[in-house]
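Chemist: In case you want the letters, here they are:
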Amino acid sequence: MNRKRHGRPKWNRIVSYTVLSLLAVTFVFPYLWLFSSSFREPGAIYSSFSLLPLNSSGELELVWENYKNAIAYLDLKNVFFNTLIVCVVNTVINLFLNALAGYAFARLQFKGKKVIFAVICLSIMIPGTVMTIPNLLICRFLKIDDSLGVLIWPFIMSVYNVFLMRQQFYSLPKEVEEAAIVDGAGPFRIFFQISLPLVTPMLVVLGITTFMWNYNNFMWSLVSIQSSEYFTLARSLGDLVSAGTGEASLYPVMLAGSVIVSLPLILVFFLAQKYILGGLTEGGVKE
Amino acid sequence: MGEQSLSKTIKKRALAGWFFIAPLLAYFLIFQLAPIIIAFIISFTDWDGSSADFTWVGLKNYIQIFTNRILYPDFWPSLGITFGYMALTVPVSIMLAIVVAAMLNSGIKGERLFKTAFYIPCVTASAAMSALWLFILDPGFGLVAGLNDLFHTNWDPLHTSSTSLITLAIMSIWGGLGYNVLIVESAMKNINKSLYDACEVDGGGSFRKFFHVTLPGISPTLYFMIITSVISSLQAFDTMYLMTGGGPAGATTTFMLLVYNAMFKHGQAGIATAMSYVLFFIIMVITFIQFKIVPQGYQIENEITLRKEKKAEERRRVSRLRLSGRFAKRKGDSHE
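From first to last, the protein sequence lines are chains A and B.
With the numbering used here, the residue at position 81 of the first sequence is 81, and numbering never jumps.
Adding 287 to a residue's 1-based position in the second sequence gives its number in the numbering used here.
Okay, chain B solo, but in the shape it has when bound:
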């Protein structure tokens, strides 16, 4: 009797489990898996994105974008621009976030106030942020105009091909600082205080504390941040589309802008999807490499969480056994 109702409960809970994840499965199949597969097929066709007919062209799209410099002259340059943008934004973003977070974490007053200020751009729409910066950077009447008046120059950072990408990079560093600081600082707060005391006892100054305690302590978080920043910088699109349109002279045509143009300006869905897969593949390879060269701290923390989860699992199993015993007894009792 007791055994029966126990297995009924287990069955009921298993059924509920499937029911609970059914929406996720449907969502996953339709909006995660299906796009990947269908677009991969389309990348082997010459589909224009709207008409009903298309023909199979095999690897032609991929070969063309890589080799045909006349039809796709922007492909290689835009790859270079995208990686340049990554190199300009990611290291500076992360180093700046570490410095600012360390300052905020040194026990100063008004910590919340500073964090609030730094976070404002993170809640601003990219279009509004672009407008704000277009205004600041305008050589006619913005802050740049003031500087130009002061130094009698004719500086226009956004529309000069040598500085436009750097300008957009600075803007992106500015916009992302609040979020990065938040994450780095909370990692710093999680470092065991006794490690600092131990370092102090050993005669370590603040530099030694920073390099021997703080930095190793936040390295798992930094690792996570580097991966996500690299991935998002390789996909940069909004500010380039809104502020420069890829110019001047293609100096800010990032890869996603190239994909957008292929799809909507030239109506080449096959080419656009093939390009998407090139970037997809690049990002996957980078992510994989980054997983392979995981810093020590991450592995350690990973192991700790694994061990914790295993222990929790074990405890749960024991309590389940105990529970089932109790369960059977109770059910039996009530029927006696």
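Next comes chain A alone, as it looks inside the complex:
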């Protein structure tokens, strides 16, 4: 990358590689260990330390029992569908409505736009987790708590993503749109046919982050859902983990459950890493 630097002493580079590799090991190793341990029979987890799924007599053996137990404990089928519904609905509607509002702030002229945009931007400052209880109370008033709706409605839009979409539309060249206006195209047609396709990379990044955020959201489903029929993967696993804390017999189930819940997103991440690692820096996520 930096040709200017190749005259520098080599040890500099050696140090970098060593430190980064050691650090990378601390990131990859726990996951590999988790994965292999989830296939070991409960007794073998405690006995010996190994990255391979060995059984108690030291032979290679994949034990699926932990997974069977975890699937039963998590109520996987039901919980998986809940998660899928919540994530897909939230992502699709989020992308559409955020883009719509962002486009209006970037391109359309109407009275009060600046004031509204300023107020909306201020609300980005509101710390989300602190407002958990207030948000919960609103959902109780609206009678949507303890349903799938409580996982959808409060997250149907994201003020921060509206802001990011606005910046994105603002940076597009205007000439094409202006030509379309001259040709008599209405704002809806211009938005759908010209502007929206131009921000596809941003939509991909925000789509992935929105999906992942909803998938991993634990605290909100902890406080807002009581009936297990509406649990999501994160919530169900959370219950398993807090039940398993300090109870060694639940560890194997807990490990298998963690693999089940985290593997889909890790796979998505590996497939889409080009977008995530490249685009996140402009997109970013708000927590």
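Careful, some of the hints might be misleading.
As the list claims (entries may be wrong) - Capping the alpha-carbon separation at 25 Å, the derived lysine-lysine pairs in DSS-like fashion look like this: (1) 496(B) x 10(A); (2) 111(A) x 10(A); (3) 10(A) x 298(B).
Unchecked claim - From the structure, some residues in chain A lie toward chain B, with a derived Cβ separation under 7 Å: (4) 36; (5) 115; (6) 129; (7) 137; (8) 254; (9) 262; (10) 265; (11) 269.
Derived by calculation from the structure, the hints in this document are not laboratory data.
In this text, a Cβ means the ideal position worked out from N, Cα and C, and glycines have one as well.
Following the hints, complete the assembly by docking chain B onto the known chain A.
Modeler: The following block gives chain B in isolation, referenced to the frame of chain A:
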């Protein structure tokens, strides 16, 4: 004729503007503004969170949580724990991210591979991450057990009150590193290369380059990162709830965990909302102070973007004028 259809277009576009932001306005009113107002009112009542009746108690909730050490013994300690957690996580997170990003940005091979590895925890659910660490830290059979075997100790970092918060802090630093590195590194990539050359011409070594070019160059990003990290560390909840439940002996009872307990264990919605507003206020004050002591670089960049936006606005106005002229002419032409 032309004038008329122009104003019609403008009106149509203004109407569309309102239509486009209508969902946002509804969302903002119901799920952003209304919770703030209603919960603020509730913080002045003794509501239990479910029953129909409650009475107005004025400032009593706020006074009680601050002064009543018998009813709310955890309030002050948990504030201390929360700030301690912030002090443990934020500086180390950011310094580590700078070092790692600088190494990644020095033109080494496999940059993408390293970044991918560091980012894995960022896509892992907090529950799965907690399970993973519970397993590693378990003194019975985890990595800690191995260390204990090796050194013949009886170490249990998660369940010892002097080390449990530090353990959770290390876990949080580990989990957030990938995201922070990504952001810091992309800021480093945006630094003008000629600045490094200029520094080299002046005889600056790599240390001088780092402190005189890299660090000032990424300071706007660092500033943004410090604010967001401080805010998110003050709201820490998931790992404490899942891994320690606030223990041992309340050593990891962060403020949000206290709020959660007030709401769900003790059924005190009034107290829980009052506590929420205390933290809300603290975060607002910190954010405000941080805005006031903005580092130089941020102001400069801010000014540049402002100037850019102004220029774009100007250009747009000119082209709109030109456009309207063209528009009128064209419409007129077609009707002749």
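Chemist: Does the structure break any of the earlier hints, and which numbers would those be?
Modeler: 2, 3, 4 and 5
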